[in-house]
Structure formats: structure tokens, C-alpha cells
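Listed below are the residues making up each chain.
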Amino acid sequence: MSEISVRFQNVWKKFRRGERYDSLRDLIPAAARRLLSHEKSVQLTSREFWALHDVSFQLRRGEAIGIIGPNGSGKSTTLKLLSRILKPDTGSVQVHGRMGALIELGAGFHPDLTGRENIYLNGTILGMKRAEIDKKFDSIVDFCELQDFLDTPVKRYSSGMYARLGFAVAAHLEPEVLIVDEVLSVGDYHFQEKCFSKMREFTSNGTTLVFVSHNLAAISSLCTTALLLNRGEPVFQGDVRTAISKYYAFYEESRETKYLSIEDIQLTDAEGRPREVFEPGERAVFKVVVRALQPVNRAHAGLLIHTKDGQPLFDTATSRHTDDRLTLGPQEAATIEFGVDLNLQNDVFRIGFTVTSEFDEFYLYCNMNLKQAVMTGDRKSNGLVHLNPSARVLFGELPNSRPGVVVSVGERDRLL
Amino acid sequence: MTAIRELINSVDLLYMLTWKEIRIRYKQSVMGLLWAILMPILIVGAGMLMKQAYSFASHSPLTIRDLLSVSVKAVMWAFFASAVKFGANSLITNQNLVTKIYFPREILPLACVFANFFDFLVATVFLGLLMLIGRAGISVQLLWTPLIIVLLFMITASVAVVLSCANLFFRDVKYIVEVLFTYGILFTPVLYSARAFGKWAPALLLNPVGSILEAINDVVVLQRAPSFGWLAYAAGCAVIGLFVSWLIFKRAEPLFAQEI
Chain A
0 MSEISVRFQN
10 VWKKFRRGER
20 YDSLRDLIPA
30 AARRLLSHEK
40 SVQLTSREFW
50 ALHDVSFQLR
60 RGEAIGIIGP
70 NGSGKSTTLK
80 LLSRILKPDT
90 GSVQVHGRMG
100 ALIELGAGFH
110 PDLTGRENIY
120 LNGTILGMKR
130 AEIDKKFDSI
140 VDFCELQDFL
150 DTPVKRYSSG
160 MYARLGFAVA
170 AHLEPEVLIV
180 DEVLSVGDYH
190 FQEKCFSKMR
200 EFTSNGTTLV
210 FVSHNLAAIS
220 SLCTTALLLN
230 RGEPVFQGDV
240 RTAISKYYAF
250 YEESRETKYL
260 SIEDIQLTDA
270 EGRPREVFEP
280 GERAVFKVVV
290 RALQPVNRAH
300 AGLLIHTKDG
310 QPLFDTATSR
320 HTDDRLTLGP
330 QEAATIEFGV
340 DLNLQNDVFR
350 IGFTVTSEFD
360 EFYLYCNMNL
370 KQAVMTGDRK
380 SNGLVHLNPS
390 ARVLFGELPN
400 SRPGVVVSVG
410 ERDRLL
Chain B
0 MTAIRELINS
10 VDLLYMLTWK
20 EIRIRYKQSV
30 MGLLWAILMP
40 ILIVGAGMLM
50 KQAYSFASHS
60 PLTIRDLLSV
70 SVKAVMWAFF
80 ASAVKFGANS
90 LITNQNLVTK
100 IYFPREILPL
110 ACVFANFFDF
120 LVATVFLGLL
130 MLIGRAGISV
140 QLLWTPLIIV
150 LLFMITASVA
160 VVLSCANLFF
170 RDVKYIVEVL
180 FTYGILFTPV
190 LYSARAFGKW
200 APALLLNPVG
210 SILEAINDVV
220 VLQRAPSFGW
230 LAYAAGCAVI
240 GLFVSWLIFK
250 RAEPLFAQEI
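First to last, the protein sequences are chains A and B. The first sequence begins at 0 in numbering that gives the first Met the number 0 and counts up by one. The second sequence begins at 0 in numbering that gives the first Met the number 0 and counts up by one.
Chain A on its own, in the form it takes in the complex (with noise of 0.2 Å):
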């Protein structure tokens, strides 16, 4: 289980800002630069940039990792490069095994083809032989349960249905090597659910899985390290908790107004050490110290959460847990601290903070994004909330026997 299967070796990446050649005069220099050195310069023209600077990591077989960053840190590329579409400019990248790469589902689909034509066409085109789909074909279509519409043109799918198919094929690969780039956010919930559940099965079944995702619930439940690219460059590489509240680091700024300015946040756990990731359930404590530019009067602070689109879950504040108010001179600082059960569960969640003064007018009002808890799931239910669920199956006699109870309830609706 040990032997390595995927080595990504202090990768070098670059890119040409703008177009590529603006006219002869820049043409025949480069081409004439590019026949004599055929040595890979590391060294960088006025119009070039790294898209990866100095990348490393290796994973034995069964390992999964995600990779995380904001946009245009290198993800993508590093995908890309992983799958032999590009090649590094130094660096090596070494894949054992077959691999699958779904940078993009459904990609090579042609709209005037059927979905049982483009099965076999998208098949090939991610390296399957015609055989092996003629054998997993039934397979295919039970996953994506598009049996009704296989002789349909795929330019009539949905964008879901188009993603749907293409995932049941990528998904009947049996790669040894499995790369995803964010490409189950199309597609309803139960089908995302199908497919997580499908790589959660690959994983298990001793493929290693590279991952990239901006859904960092789906990536800290599929992997169990991550690396944190910012520009190209390697950030952190490690436990992928860690690794996502160093990459939330990134978002936090401190927020001021000309009365107000935040000047700590912290995020903890019961027992005050600093999270980001919860487990459904767990306790947190929200603290904020926030300092007067201008004399503040009476106010109260509210504590908002919603989820990562934007949805109000809940909101709470101070005046309707305590009497005090903040009345604060210049430069008094005060320390807000709300605790909650987070009985929230696998996705990302948006706390936000408010402070407000009696009269309902706002001195400070940062909706969403001042922090965000990450929670996991335990895969014992699906959905936002944690109801902290329990379930029995009994057999034989009812235990408190009451017979007939469901159906004279039954009866009554029916005489009703």
C-alpha cells in the first residue's frame, strides 16, 4: 500500500500574460531565442508569471489530498499538468497507473449526438476501450438515470443532465489515479451526493484521488491532507483542517466604521482553542474585541449566520441575553463573546457580527464574512442542520403494544 503513485517534484509553471505574439518584430526574435537555448530557462520576461511557483507533494496509492486556494492560484494548472496537458517548465510529474482526469464533465460531448452515442464517444476520448463500455454501458445509465432520454441529442439535456452523464462515465474509469476539478456544482443535490459517495468508494477501494474544490465541506470529508496554493506558490501542506483555516486567513480583514473598528476575532471551540472546522454539534464561542473611534452609546451586538450563499440560518444579540450595554469613550474597547451549539452540519457557514445602536441604527454591520465554520458531516444524515439523529429498527411485537393505533388513525382520516 506504501508504493507512491503520484510525485509532483518542485514544479515550475509559467505563463505569458496578454496575447501571445503582437507581431512579427516579437515573433522572429522568441522564435529565434527558442531554436538556439533549448535549455527550460527558470527565468522570467518582462510579460511572464508563474502560474506555479517551486509546487511539491507526492501521495502513496489510496491517499487523497484537495487542493485549495483562491482563484487563479494554480489549482487548475496543477490539475492540468498532473493529467500530461501541460508540461512543466522544470519540475517533474510522475502518475502510476491509469488515470482519470475530470477537469471537465462531459467535455468532448458533441450536442447532435444521442447520450447513448456520446457514452461511447466521451468513453474513448477518457481512455476506455469500446469493449470495456460495451460491458459497463447498463451500469452507466443506472448511475446517471437518464434511461428515458439515451437516444435524445445531448444539445436538449440539461446542464444537470449533462453533468450527470458525464460523471457516470468518468465514474465507470476504475482509474488507479483519480483527478476532479470543481466540477460536481451542477447537478442536484442528490446526484452530488451519488457522486461523493462514488469517490468516497474509490478512495476506500485504494485509488488516490487528487481533488480540487471550492466546497471545502466536500474536500475535508474526502481527504485527509490538503495543500494551499496563494499565486502559484505553496502555501501549507498538510492536515487538511489546518490547511483550510490558513486559507480562510487569507479572507479575514479587519472592518472598521467611523465609530467602530473590529479589533480581534476568534473562532473556538468550548475550551477557547481556535477552530475553523466543527463537528456538528460542537460548541463554539465567537469572540470579538471591538474598539470606539467615536463615543458609542447603549448598543447591542448581534451575531448573525448564513449559509455560504447568503441564506439567514439565525441571528441572535446581546440585548436579549443581558442587560449590559456597550457604552463606550474614544478609544474604549469592549469584548463581545457569543457561544452557540453549531448543530450545523456538511457545508460552509458565514458568520456575521453586528453592532447596533437603541434606535435600531447600525455602528458597525459586517453581514457575512467576518469568519465562516466549516462542518463536517458523520455521514449519519444529509442536509444543513444536525438534529443529532437516532434511529431503531424493532421486529416482532410492538414493544409498548398498542395495536391498531396507526390504523384507527387511518380510519378516522378516511370517515373524516
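In short, the hints are calculated from the structure, not lab data. Worth double-checking, as some hints may not be accurate.
[Said to hold, decoys possible] Cross-link-like lysine to aspartate or glutamate pairs, in silico, EDC-like; alpha carbons within 20 Å at most: (1) A/K135 - B/D11; (2) A/K257 - A/D359; (3) A/K128 - B/E5; (4) A/K193 - A/E173; (5) A/K379 - A/E281; (6) A/K86 - B/E5; (7) B/K26 - A/D150; (8) A/K13 - B/E252; (9) A/K257 - A/E360; (10) A/K128 - B/D11; (11) A/K86 - B/E252; (12) A/K86 - B/E258; (13) A/K286 - A/D323; (14) B/K249 - A/D88; (15) A/K134 - B/D11; (16) A/K286 - A/D268.
Assemble the complex: chain A is given as a structure, and chain B must be docked to it using the hints.
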């Protein structure tokens, strides 16, 4: 070596992409199979017009043999021209494949050549009928045809492969190809015979497509042995061409995804 193994492993992909090209062309189309003979018919029409003018001038009557020889050459040329034109665009039209999925990219121009070869086969059926009607007769020389067709195929493939790659880097290549093919037919012995030029004939036969067209005319219509020297020359061009174009393509291939 790995490149060759990869290519061999991609036979199924080549088959599917060829099939796709053919399927798309005949799906939702007015012309259907007639498409395959549209271009040859136009070429033959132009050829006959020219021959007619020539026969008025030289007082030598137009024969059925003239018609057949222009038809045979027209079918061959139509394959060459359309395969190269489609092939040259193949990397650009499949941009999303080139930037999203890895596979040996030469499959794309090759699939175009194979798809046009299908059209060529359809056209040869019509050609066969024409030969029957024209009582062209059959001789042992017909055995040369598979070899000659394979040579044309190889040359077509090498031109398509190298142009597809050039077109990816410089988009004006497809316009250049367009112009070259519009006038190229006049510089290649399609509508006329190279022999008509006497001692200048070799100048036309230096174009390997020219010598191949003359060879096919010899064995199919004139029922005589082809010129071995020129056939060997064409074969040399085909083999070297295929090798060199593939080499160029393979060297440029790593840049495709970022330069497209």
C-alpha cells in the same frame, strides 16, 4: 517509443472520433451521401469544360476515356483537399478537448482524414458505376490501386497533421490553406495530364500528389503499368513526410493546451 505505444492504444479513440465526424456530417444534412460526390462532380464538370475547349482548339474529339480519367483524378483530389482542410482545423474545432483531456492529439487530424476517406470510399462506388457504364475494362494493373491509394492517404495524413499543428499557433494558416487549395488544383495534374507538358512534365510530377494522380490514371483508366520511378518517389515522400510531420507534431504537442 512511448508515443507509438500510446498511438496504438488509441485505436478505439481514433475509430470513435472518425465515426463521430462521419455521423455529424450525415446527421441533419440535406445532401446525405451525395455530399461525398459533390466536390468530385464539380471538378469533373470543370475538367470537361476545359477538355471541350481544348478539343475545339486541337480538333481532337473528346473521348469517354478523358471523362473517366478526370473523374478518377477528381475523386482522389477531392479526398486530399477536403481531408487536409478539415484536418488543418481539427485541433481548433476541438479546442475543449485539447485543453481539458489528455490523449495523443494527432488522433484529431487523423480522424478527419479517416472520415474523409469514408467519403472517398462512397465516391469510389459511384466511380465504379461510371467505369462500368463507360466500359473502362479491367486489367491486372488494377492491383496497383490499393498501394497508390495508401500512398495518397499517407501524404494526406502528413500534410493534415503538420497543418493542424501550424494552424493552432497561427490562425491565418487556414486561410493560406484555403487559397493554396483553390489554385493548387491548377498546378496539379487533375484536369489535365502531366504528359501534355512533354519535357516539363517532371516539374509537375515533383509534386507527389501529381505523380500519384498520374499513377492512378495509368493503372485504372489507361490500363498500363505506372511509372515506377515516380511511384517510388511518391512512396519516399509519403514515408518521410509522415515521419517528419509526426515528429514536428510531437515536439509541438506539449505547447498545445497553453497556446491554443
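Item to complete: Could you tell me which of the numbered hints above are not met by this structure, giving the numbers in increasing order?
Response: none
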